[in-house]
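Keeping their order, the protein sequence lines are chains A and B. With the first letter of the first sequence counted as 1, position 1 gets the number 1 in the numbering used here; the numbers rise by one all the way through. To convert, take the position in the second sequence, counting from 1, and add 1000; that gives the numbering used here.
In short, the hints are calculated from the structure, not lab data. Hints may contain errors.
[Stated by the list, open to error] No farther apart than 27 Å at their CA atoms in a straight line, the calculated lysine-lysine pairs in the DSS-like style are these:
| no. | chain 1 | residue 1 | chain 2 | residue 2 |
| --- | --- | --- | --- | --- |
| 1 | A | Lys62 | B | Lys1092 |
| 2 | A | Lys269 | A | Lys118 |
| 3 | B | Lys1062 | A | Lys92 |
[Said to hold, decoys possible] Residues from chain A that keep clear of chain B, each with C-beta distances beyond 10 Å, as calculated:
| no. | residue |
| --- | --- |
| 4 | Ile47 |
| 5 | Arg93 |
| 6 | Pro127 |
| 7 | Pro180 |
| 8 | Asp181 |
| 9 | Gly190 |
| 10 | Asn191 |
| 11 | Glu192 |
| 12 | Lys200 |
| 13 | Arg201 |
| 14 | His261 |
| 15 | Leu264 |
| 16 | Asp282 |
| 17 | Asn293 |
| 18 | Thr334 |
Where is the CB? At the ideal position from N, CA and C, for every residue including glycine.
Protein chains: 2
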Amino acid sequence: MTFTKIHGVLLILLCGFSAITPAFDYLQPLPEKPIAPADNPLTQEKIDLGKSLFFDPRLSAKGDVSCNSCHNLAAGGDDDGAVINMPGRLIKRSAPSVWNVAYMSTYYWDARAKSLEKQAVEHILDPNIMAMGHATNLQARLQSIPGYVQMFRAAFGNQPISIETIAQAIASFERTLIVPDSRFDQFIKGNEAALNEQEKRGMQTFTDKGCLSCHFGTNFAGPAPGPALKMGDGFYEMFPNYRGSRYEEKYDFVSDLGRYHTSLDAEHKLMWRVPSLRNITDTAPYFHNGSVNDLSQAVRIMSEVQFNYPITEHEVQDIVAFLQTLTGKYPSLTLPRLPDTSGASLTN
Amino acid sequence: MTFTKIHGVLLILLCGFSAITPAFDYLQPLPEKPIAPADNPLTQEKIDLGKSLFFDPRLSAKGDVSCNSCHNLAAGGDDDGAVINMPGRLIKRSAPSVWNVAYMSTYYWDARAKSLEKQAVEHILDPNIMAMGHATNLQARLQSIPGYVQMFRAAFGNQPISIETIAQAIASFERTLIVPDSRFDQFIKGNEAALNEQEKRGMQTFTDKGCLSCHFGTNFAGPAPGPALKMGDGFYEMFPNYRGSRYEEKYDFVSDLGRYHTSLDAEHKLMWRVPSLRNITDTAPYFHNGSVNDLSQAVRIMSEVQFNYPITEHEVQDIVAFLQTLTGKYPSLTLPRLPDTSGASLTN
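The following block holds chain A by itself, in its conformation from the complex (with noise of 0.2 Å):
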């Protein structure tokens, strides 16, 4: 099924929503326990390796960034910016929340890599990002630590270290990155306590403005992968919906066309991924081009450039005391000592 075929699925079946219980299936907790696909399950090993690998500025070329550098992990698993910011290197996109991340159909803000996987071997060949211009590179490089070595023979024994098997690590490392416990999850578990009016109101006011027709399931980013997950090539919208509007130029909003940039079919103009609002307090700037700071305003913008609807300000605030409750509870994480290479550089 693609894209346009789930929205219109969609949009019949949110006529139907017109109160608020916790059973309807478009609003889901999230998950506590990981999934994996059956083609990387989960191991330790390969969740250790993964941290140790996530951590590690030996993965860029000069030895400067991590992948926790734009996806930190003591923060919103975002670099609070509106590009991500490199040595000498601007990539005109903001650096997504790598928590909750499992749960996403696809990743890239134009949707271009249907796996973590992907994903992250992307990023660490892309010139503009992690630099290593070819596999072989980092595998001599990550082949040449002795630590390193003996982690990767403990996650998948004879195979050998292959851009490959860092995805699949790093990939697990990042599927058990959840930040469960949200207000929200509490409340769709049946504590109706857990919200407060103002914010049921706004989980209302969200339903029926029609925000659920894409931020919709587990992270209010479309359908989570799984084997229920059959969309061909992954879920994404267009943005901005409306053209023309009084934001469209102010925060320079079509630019960037897009998941047209890499498919180059002209309908694929402007269209976007929808972005997970999990923790959406701590993963400010908004939009694909980080160009709004504040929540709040995010929501009038949404409004008018998606379904060019009136907004009030009382349902702006509402709205925005929902998506509060969608901050889950940070799970503790522990510094990975990253393996040496003794008395010697090798990012020098």
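Following the hints, complete the assembly by docking chain B onto the known chain A.
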């Protein structure tokens, strides 16, 4: 007492070093408890706050680098690179390790800061490092983060958030970054079996060659701070001591004039703080400009340019074996949760 007087005294003392005994003063185990100056006593509240600040990229103007970016606590407390890599900025000196940094008497390669507090302030304001420009910029930013307001109140009571209290908290956390119980420490505390024969031979060679004349004390970096440290303007030495060696041009050792650039005193040309040898296996590349990747080569260079001594390859390898015993047991660190600014970005 100035550095030259200390140097003279040491050379006399070293004449008596003919046998290794764990009792002599110039080889000292690492204290397992942190030390602190009288004007900034340690408290758990300051340490906790300092840890958050140390990991928080919002201490830099663009929100792209934290203290931990270059002084990586998942690794050797440094950045594995020759010179500090930061967006659009090239610092020409190698990041020294922050582990065991409490036991240094002076900070920066050119020894221009006498305390960790002063070093922190300078890093935050320096347009080439964290680039906050003026102290009030950072004060205002932290004041707008409710979690920090609370933590500062817990740590400093009614004192306002200021560059001084920020620096005091960071320095307090840094003073707890101790890597104890290296095999050398075990040996110097009386466990003769902690070092093997080659390592003991290396220790003897290290002593006989005169390395201890500068690399003595807790960090093998000269005197540690404390009441006993009265050295005028700090402990630093000339490097290269003998000019015109084959290494000088190869590794670009004399284009940076060190302390002279700070003091503009002609006597300070090529004067440098003596670097720590603790955990040196994990702090490659070596020297102020990070020009040497390999520890063995660093030992060869030191023998030639500091002493103009011949050194055999056996002696080099023995000294390296000894230096490898200086790597201790890194403590486990929990990643802090950085206090958020709900629904807003500060660095965008």
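For this session: Hey, is glycine 190(A) genuinely clear of chain B, shortest beta carbon separation above 10 Å?
Result: 26 Å, holds
Problem set entry | Status of the stated non-contact between isoleucine 47(A) and chain B (beta carbon gap over 10 Å) | Label holds. Min Cβ-Cβ 16 Å, cutoff 10 Å.
Exercise. Regarding the assertion that asparagine 293(A) does not contact chain B, is the least Cβ-Cβ distance greater than 10 Å?
Worked result: 5 Å, violated
For this session: Decide if the proposed pair is consistent with the structure: lysine 269(A) and lysine 118(A), CA atoms, cutoff 27 Å inclusive.
Result: OK: lysine 269(A) and lysine 118(A) at ~23 Å, within 27 Å.
For this session: Beyond 10 Å from every chain B Cβ: check whether that's true for histidine 261(A).
Result: 23 Å, holds
Exercise. Is the nearest Cβ of chain B still more than 10 Å from the Cβ of aspartate 181(A)?
Worked result: Nearest chain B Cβ is 15 Å from aspartate 181(A), so the label holds.
For this session: Given the hint that lysine 1062(B) pairs with lysine 92(A), test it: the Cα-Cα distance must not exceed 27 Å.
Result: Roughly 15 Å between the alpha carbons, so the hint for lysine 1062(B) and lysine 92(A) holds.
Problem set entry | Non-interface claim for asparagine 191(A), where every Cβ of chain B lies beyond 10 Å | 22 Å, holds
Exercise. Taking the minimum C-beta separation from aspartate 282(A) to chain B, is that value above 10 Å?
Worked result: Violated: least Cβ distance 5 Å, not greater than 10 Å.
Exercise. Would you say arginine 201(A) is clear of chain B, with no C-beta pair closer than or equal to 10 Å?
Worked result: Holds, since 18 Å exceeds 10 Å.
Problem set entry | Distance rule for lysine 200(A), whose beta carbon must clear each one in chain B by more than 10 Å | Holds, since 19 Å exceeds 10 Å.
Exercise. Going by Cβ atoms, does glutamate 192(A) stay more than 10 Å from chain B at every point?
Worked result: About 24 Å separates glutamate 192(A) from the closest Cβ of chain B, which puts it past 10 Å; holds.
In the structure shown, a violation is registered for the earlier hints numbered 16, 17 and 18, in ascending order.
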